[in-house]
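K.L.:
Each chain, written out:
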Amino acid sequence: MRRFVTLAITAFLLLPMAASAEQITKLDFRNGQTAGRWQISSNDAVTVGPNGLVVEAQQDMIMYRIDPLPHRTDILEVSITAQNPLNLTFLWHPRSVEAGQFVQLPITVPASPDGYTMLLPLDRFPQWDPHADQIGFHVPAGSNFVLSEIRLHKFTVLEQLNEVWKSFWTFDVFTRYTINFVWGPLIAFTPQTTADLFSQLPPLGWSVNRVLYPLIVLIALGCGVFALIRRKHPGAPKKAAIALLCGIGVIWIIYDIRMGFEILSYVKTDYQTYVTRPLEQKEFRYMADFHSVLKRVKPYLNDEPRIGFIAQSQFLLDTSVTYELYPAEMVLPGEPEADDTEMWLVYMRRDILLDSQNRLASVDGTVLTKPGHIVERFGNNAILFSTASEE
Amino acid sequence: MMFIVALIGLVPSICSGWLLMQSIEGHTPVFGRIERWAYAALLGPGLTMVVAFVASVGTGLPLSRLGFGLVHLLVLAGAALAWHFRARGVSIPVRQQVIPVRLPAWAAGIGVVLMTWTAIKVFAAGTMFLFLTPTFLDDTLDNWNLRAKVFFETQSFTVELPRVSAQAVQSSVSSYPPPVSLLKAWLVTLVGEWSDAVANIPHLLWFLVAIAIIAAAVCRYAGRVWGMIAVYTTVSLPLYLIHGTNAYADTFLSAYIAAAVLPVVFSLFEHDAGRRKTWLRIAAVMTGMLIFTKNEASVLYLPPLLAVTGAALWNMWRKGALQRSDVKELILWYGCSFVLLGLPWLSYKWMHGLAFGNAKQISALQLQWHDGVGLAIAVNTFFEGNWILLFPLTFILIALRWKESLRTPLAVLTAFFLMTYVLQLFVFFFTPLAYEAIKQTGYARGLVHLIPVIIVLTLLLMKKTIDGILPEWAKR
Numbered sequence: 001m002r003r004f005v006t007l008a009i010t011a012f013l014l015l016p017m018a019a020s021a022e023q024i025t026k027l028d029f030r031n032g033q034t035a036g037r038w039q040i041s042s043n044d045a046v047t048v049g050p051n052g053l054v055v056e057a058q059q060d061m062i063m064y065r066i067d068p069l070p071h072r073t074d075i076l077e078v079s080i081t082a083q084n085p086l087n088l089t090f091l092w093h094p095r096s097v098e099a100g101q102f103v104q105l106p107i108t109v110p111a112s113p114d115g116y117t118m119l120l121p122l123d124r125f126p127q128w129d130p131h132a133d134q135i136g137f138h139v140p141a142g143s144n145f146v147l148s149e150i151r152l153h154k155f156t157v158l159e160q161l162n163e164v165w166k167s168f169w170t171f172d173v174f175t176r177y178t179i180n181f182v183w184g185p186l187i188a189f190t191p192q193t194t195a196d197l198f199s200q201l202p203p204l205g206w207s208v209n210r211v212l213y214p215l216i217v218l219i220a221l222g223c224g225v226f227a228l229i230r231r232k233h234p235g236a237p238k239k240a241a242i243a244l245l246c247g248i249g250v251i252w253i254i255y256d257i258r259m260g261f262e263i264l265s266y267v268k269t270d271y272q273t274y275v276t277r278p279l280e281q282k283e284f285r286y287m288a289d290f291h292s293v294l295k296r297v298k299p300y301l302n303d304e305p306r307i308g309f310i311a312q313s314q315f316l317l318d319t320s321v322t323y324e325l326y327p328a329e330m331v332l333p334g335e336p337e338a339d340d341t342e343m344w345l346v347y348m349r350r351d352i353l354l355d356s357q358n359r360l361a362s363v364d365g366t367v368l369t370k371p372g373h374i375v376e377r378f379g380n381n382a383i384l385f386s387t388a389s390e391e
Numbered sequence: 392m393m394f395i396v397a398l399i400g401l402v403p404s405i406c407s408g409w410l411l412m413q414s415i416e417g418h419t420p421v422f423g424r425i426e427r428w429a430y431a432a433l434l435g436p437g438l439t440m441v442v443a444f445v446a447s448v449g450t451g452l453p454l455s456r457l458g459f460g461l462v463h464l465l466v467l468a469g470a471a472l473a474w475h476f477r478a479r480g481v482s483i484p485v486r487q488q489v490i491p492v493r494l495p496a497w498a499a500g501i502g503v504v505l506m507t508w509t510a511i512k513v514f515a516a517g518t519m520f521l522f523l524t525p526t527f528l529d530d531t532l533d534n535w536n537l538r539a540k541v542f543f544e545t546q547s548f549t550v551e552l553p554r555v556s557a558q559a560v561q562s563s564v565s566s567y568p569p570p571v572s573l574l575k576a577w578l579v580t581l582v583g584e585w586s587d588a589v590a591n592i593p594h595l596l597w598f599l600v601a602i603a604i605i606a607a608a609v610c611r612y613a614g615r616v617w618g619m620i621a622v623y624t625t626v627s628l629p630l631y632l633i634h635g636t637n638a639y640a641d642t643f644l645s646a647y648i649a650a651a652v653l654p655v656v657f658s659l660f661e662h663d664a665g666r667r668k669t670w671l672r673i674a675a676v677m678t679g680m681l682i683f684t685k686n687e688a689s690v691l692y693l694p695p696l697l698a699v700t701g702a703a704l705w706n707m708w709r710k711g712a713l714q715r716s717d718v719k720e721l722i723l724w725y726g727c728s729f730v731l732l733g734l735p736w737l738s739y740k741w742m743h744g745l746a747f748g749n750a751k752q753i754s755a756l757q758l759q760w761h762d763g764v765g766l767a768i769a770v771n772t773f774f775e776g777n778w779i780l781l782f783p784l785t786f787i788l789i790a791l792r793w794k795e796s797l798r799t800p801l802a803v804l805t806a807f808f809l810m811t812y813v814l815q816l817f818v819f820f821f822t823p824l825a826y827e828a829i830k831q832t833g834y835a836r837g838l839v840h841l842i843p844v845i846i847v848l849t850l851l852l853m854k855k856t857i858d859g860i861l862p863e864w865a866k867r
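Residue numbers (the working numbering), protein chains in the order written: chain A, 1 to 391; chain B, 392 to 867.
Treat the hints loosely; a few may be bogus.
[What the hints assert, rightly or not] According to the in silico footprint, chain B covers these stretches of chain A (three or more CB under 8 Å from chain B):
#, stretch
1, 137-147
2, 181-194
3, 201-215
4, 267-278
5, 323-333
6, 366-374
Simulated from the structure, these hints should not be mistaken for lab results.
No experiment lies behind these values; they were computed from the predicted model shown.
Glycine is no exception: its CB is placed at the ideal position from the N, C-alpha and C atoms.
If we strip away everything but chain A, and leave its shape as in the complex, we get (with noise of 0.2 Å):
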């Protein structure tokens, strides 16, 4: 046993250790380049520039290059120049699938008159073949750009691996979700989808449990071959099994440790930027300085009966006001008890303005309350309005 830890270190220790592996090509299509053979289904659209691919669309168009992939492409950038806002479709063939079909990815470029990189994340998608023979784009009519660059990432099994080991421990945050759930360890392969591991729902990534329960088959069976193999060795089936649970135990364990250093980094965030900050700076989780403002408004209250709230329909935040300010009767614009509310609390709402007759109104000129005046204003988010006559 001992002698094959000692391999297996030594092993580990002599496998080339690059830094930095990652391999790029570029597509260059600047100065007359083709960077390959392509097939367009409109000749005329698509003209060699010093700058780039020209195309000029007059009607809908497909463009795709026919020659494979240089290597396994994990992520894609894409460089282009364009006055106008895109909608283009990136296409690719993966080998699977019949000829002349393709797998098409909406992307949306802004307007970039300097020029526009765009990060294509391809590992994040199931249909993504990292040996596709075939990449281009569906160009909608209308469309005028200058395709300068494409480049092809490519990265090592270390590289994945380190990212592997980077997304386990990146973390969620405490959100409106986690007291019905929590994603747990998530494992990316690439930088970019590590960087984005929580960004969108779902998130990106697998769930480590996907490693998990195979690796756990693994050890079981390993151990009951090792029971098999030394059966007639009284103590094997015994070391088998205490090996199995160690196995478990330790997965166990350091799962343990993952998820509980992500709830206290829940508790260090609330603690940097809630408790320990001035009132006038506390941010609570993703409703900012919401809590802050309610907690400032209090003082004004005294016994007014209700409370007027004009902000943006978000999650929780009627009802933070609802709860907050209980017994203050909260009331929304528009409701019957709207006239004969006195004190109005505005969020984050730049489009609600000051008329000329000292009214809260918004920019389309919807009158919100009586005249009034601003009791006082917290930070750059909200404002406290009063209908009562000021003294």
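Let chain A serve as the given structure and place chain B on it in line with the hints.
P.N.:
Then chain B, alone, in the frame of chain A:
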């Protein structure tokens, strides 16, 4: 100072619970010391809030400091009287000479590290989420804490809520039993002004009580080392830790469910008839308390619990472990518990037309298959971070040790868990509550309710599985 005052607010009712537990035990005490306090911390405050509810609704007693105080005094006096007649003079047996567990240094070291880690998580998360940050979560904002605030401000029991019309009240959160909110209102009443921190104290208490009940149950049949493993395992479950350290009522319900189910299991393990009946009396009282916890307790958990309890009673009677008179007496205990602890609230609901479902009318639920639920449930149970490896382990152990799972007293836990789980699945697959599974807003919380039962079952099955390879120090 506010905290000390609020903590003092819990002591009278917990003491009432302790006296009542001893009264129920009578001349055959069965609890361990910490275990008795844990159950007392559920029974005492729960019963006190039942009485507060009845007094407020029945007599108009204000839910003020004086009103709540009178209720506490009344319950404490009643508990003391019950103790006087049933348990006075009964000596709680000194723990049998326990051979100290001598752990090897490496095991002791790991144990110390893991227990320290456990304590850090509970302390840090509990302090921050319950006491230092604003109320943030949906159900706390519009149910548990809001209702408590209404009780505190109006000093009366009311189903009216801000911004809820009279017509909508019946299917609103006011249809939930009120003990959580009443207890919060009582604590805040002591300090005189609303405080989220004070109102949230009970949640940490319920979490610690749940951990204590789980650990005591495992320790009882597997030894102290396994009791510590139970503590570690419980707190290591990410979603259970989050629930235990936030102001939701699912950990609260999980503790009450465990306190109602586990005594039935314990009664089956007993060889002494007196102790057996004591456990069943405790089960009867805690089962009655369930009705006054959450709507799901009455609708989802009570029927399977009564089914497994009935089966256990029948089994014990059939084998001669209980006489017919014992069974009649126990049925009387169950009946009285339901009448005294559950009927007031059920009557009130019926009289005011309050919903019995999940803040929805049960009669409004139409049955039909919903796609996507299976995948959502599978992902939530096996491919998220909620439960680490608990559920695969549980199901594998139930299958591997099916004889212990189904033919020993553990069958109560197995049957209860599987029946309630299947019921939950039925609800999610066939009713409009499928939305709660697909959007992952409700499914995992049903599992939170069952975690104590599942952990006790899993660890006891695991110990039985590996008992042959355990060193002596790990068996005690």
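K.L.:
Tell me the numbers of any earlier hints that the structure contravenes, in ascending order.
P.N.:
Per hint list: 1 and 6 violated.
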